[in-house]
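A.B. asks: Chains as they are written, first to last, in the numbering used here: chain A, 1 to 181; chain B, 1 to 154.
Derived from the structure by calculation, the hints contain no laboratory data. Treat the hints loosely; a few may be bogus.
[Claimed, not checked] SDA-like, lysine to any residue: derived pairs with alpha carbons at most 20 Å apart: (1) Lys8/B to His81/A; (2) Lys73/A to Asp147/B; (3) Lys73/A to Val137/B; (4) Lys8/B to Thr87/A; (5) Lys103/A to Met134/A; (6) Lys73/A to Leu28/A; (7) Lys73/A to Phe146/B; (8) Lys168/A to Pro75/B; (9) Lys73/A to Val107/B; (10) Lys73/A to Val20/B; (11) Lys168/A to Tyr102/B; (12) Lys73/A to Glu138/B.
Computed from a prediction, not measured in an experiment: that's the story for all the values here.
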Amino acid sequence: MTLRHAPEYLVTLPEVTGAGSISAWGLLRLRQQLELGLPLTPRPYQTLAERTGLSEQEVMTAIRQWQDQGLIKRFGLVVRHRTLGYTANAMVVWDIPDDQVHKLGRALASAPFVTLCYQRPRRLPNWPYNLFCMIHGVDRERVMSQLATLIAEQELEQIPHAVLFSTKAYRQRGGRYVSHD
Amino acid sequence: MRLDTTDKQLINLFQRELPVCERPYEAMSRQLGIAEEEVLERLQLLQDSQVLSRVGPVFEHSRAGASLLAAVAAPDEQLDIVAARVNRAPGVNHNYAREHTYNLWFVMTAPDEDTLEERLDELEHQLRLPMLRLPMVEAHHIDLGFDIDWEALP
Numbered sequence: 001m002t003l004r005h006a007p008e009y010l011v012t013l014p015e016v017t018g019a020g021s022i023s024a025w026g027l028l029r030l031r032q033q034l035e036l037g038l039p040l041t042p043r044p045y046q047t048l049a050e051r052t053g054l055s056e057q058e059v060m061t062a063i064r065q066w067q068d069q070g071l072i073k074r075f076g077l078v079v080r081h082r083t084l085g086y087t088a089n090a091m092v093v094w095d096i097p098d099d100q101v102h103k104l105g106r107a108l109a110s111a112p113f114v115t116l117c118y119q120r121p122r123r124l125p126n127w128p129y130n131l132f133c134m135i136h137g138v139d140r141e142r143v144m145s146q147l148a149t150l151i152a153e154q155e156l157e158q159i160p161h162a163v164l165f166s167t168k169a170y171r172q173r174g175g176r177y178v179s180h181d
Numbered sequence: 001m002r003l004d005t006t007d008k009q010l011i012n013l014f015q016r017e018l019p020v021c022e023r024p025y026e027a028m029s030r031q032l033g034i035a036e037e038e039v040l041e042r043l044q045l046l047q048d049s050q051v052l053s054r055v056g057p058v059f060e061h062s063r064a065g066a067s068l069l070a071a072v073a074a075p076d077e078q079l080d081i082v083a084a085r086v087n088r089a090p091g092v093n094h095n096y097a098r099e100h101t102y103n104l105w106f107v108m109t110a111p112d113e114d115t116l117e118e119r120l121d122e123l124e125h126q127l128r129l130p131m132l133r134l135p136m137v138e139a140h141h142i143d144l145g146f147d148i149d150w151e152a153l154p
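Okay, chain A solo, but in the shape it has when bound (with noise of 0.2 Å):
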């Protein structure tokens, strides 16, 4: 999709096909709608129809294909963990020889309990750490058990890591890519 004067991102919009063709601003404005959730009416989809200026079949149409091509990776609830009660949220990050980050990486994302394992650049002197997982549990001591598990399991003892525990959170939101602040 190319649009004339249209802001950059709009390059990176993934296409939507149907039947006719759906308006690029429409679909930048559902894009848009859609970082701030569905609407809670009986006809969701309608409503973004509504605001965005396409029909509900091309909402429809556009947000199926989204899934597909993994723009959307999860259409469902977002729960905030924290106010169930999983106020232990620890980030332990990782040293690893570089030669091995890829298959640990993989090995630790596996573990039930780890819920983001990202691989990211060392910044050294000051950080040496090369591998991010997180963990969202109930209690510091459970969580505790769960990392010596990991370890114990994947042999991990010979790896230098650190456990941040966060002890306050100022933001949590959905990441806003289009719309605004």
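Keeping the supplied structure of chain A fixed, place chain B upon it in accordance with the hints.
C.D. replies: Frame of chain A, contents of chain B only:
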């Protein structure tokens, strides 16, 4: 807020996928054996009480725009002030205090890489603190839709 069995079921069943059809809440209500209005009421209540942050899509970061995890080492007594400054910067969607010399961790998002870079430069300048910038190299697991362990919760 105390969640009842139906709330828990609602969360268990619909964290990963919502129906895309004309009346999705009606489709959900049939699976739960309750009325459509009740689904809407419950979702509104769960949202109002901060159990749910929203009903809807989680976009793939790498395809949805640019984002970056950053950290600063703030003097302990200034942590709240620095955090508030970070929150005022455009595009910040996560911001946590953590136990480490780097004690403030946040994620900044932007429509594209150039804008992201500008926002980070501007913020770093304002904070007068060196910023650790940690872009994602590879994601092994990025979905937060894990099964809630209701039994373990307080």
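A.B. asks: Look at each hint and say if it fits the structure.
C.D. replies: Checked hints:
1. For the proposed pair Lys8/B and His81/A, the alpha carbon gap of about 13 Å is at most 20 Å, so the pair holds.
2. Straight-line distance between C-alpha atoms of Lys73/A and Asp147/B comes to about 17 Å, which keeps the hinted pair within the 20 Å bound.
3. Distance hint between Lys73/A and Val137/B is fulfilled; the C-alpha atoms sit about 18 Å from each other, no more than 20 Å.
4. The straight-line distance between the Cα atoms of Lys8/B and Thr87/A is roughly 18 Å, inside the 20 Å bound, and the hint therefore holds.
5. This hinted pair checks out: Lys103/A and Met134/A have alpha carbons roughly 17 Å apart, not beyond 20 Å.
6. At most 20 Å may separate the alpha-carbon atoms for a hinted pair to count; Lys73/A and Leu28/A meet this at roughly 18 Å.
7. Between Lys73/A and Phe146/B the alpha-carbon distance is near 14 Å, which keeps this suggested pair within the 20 Å criterion.
8. Restraint check: the Cα-Cα separation between Lys168/A and Pro75/B comes to about 16 Å, which is no more than 20 Å; the hinted pair holds.
9. Proximity of Lys73/A to Val107/B is assessed by CA-CA distance (about 18 Å); at most 20 Å being required, the pair is judged to hold.
10. The suggested pairing of Lys73/A with Val20/B holds, with an alpha-carbon distance near 15 Å, which does not exceed 20 Å.
11. Using a Cα cut-off of 20 Å, the hinted pair Lys168/A and Tyr102/B holds, with the two alpha carbons roughly 14 Å apart.
12. For the suggested pair Lys73/A and Glu138/B, the alpha carbons sit about 16 Å apart, so the restraint of at most 20 Å is met.
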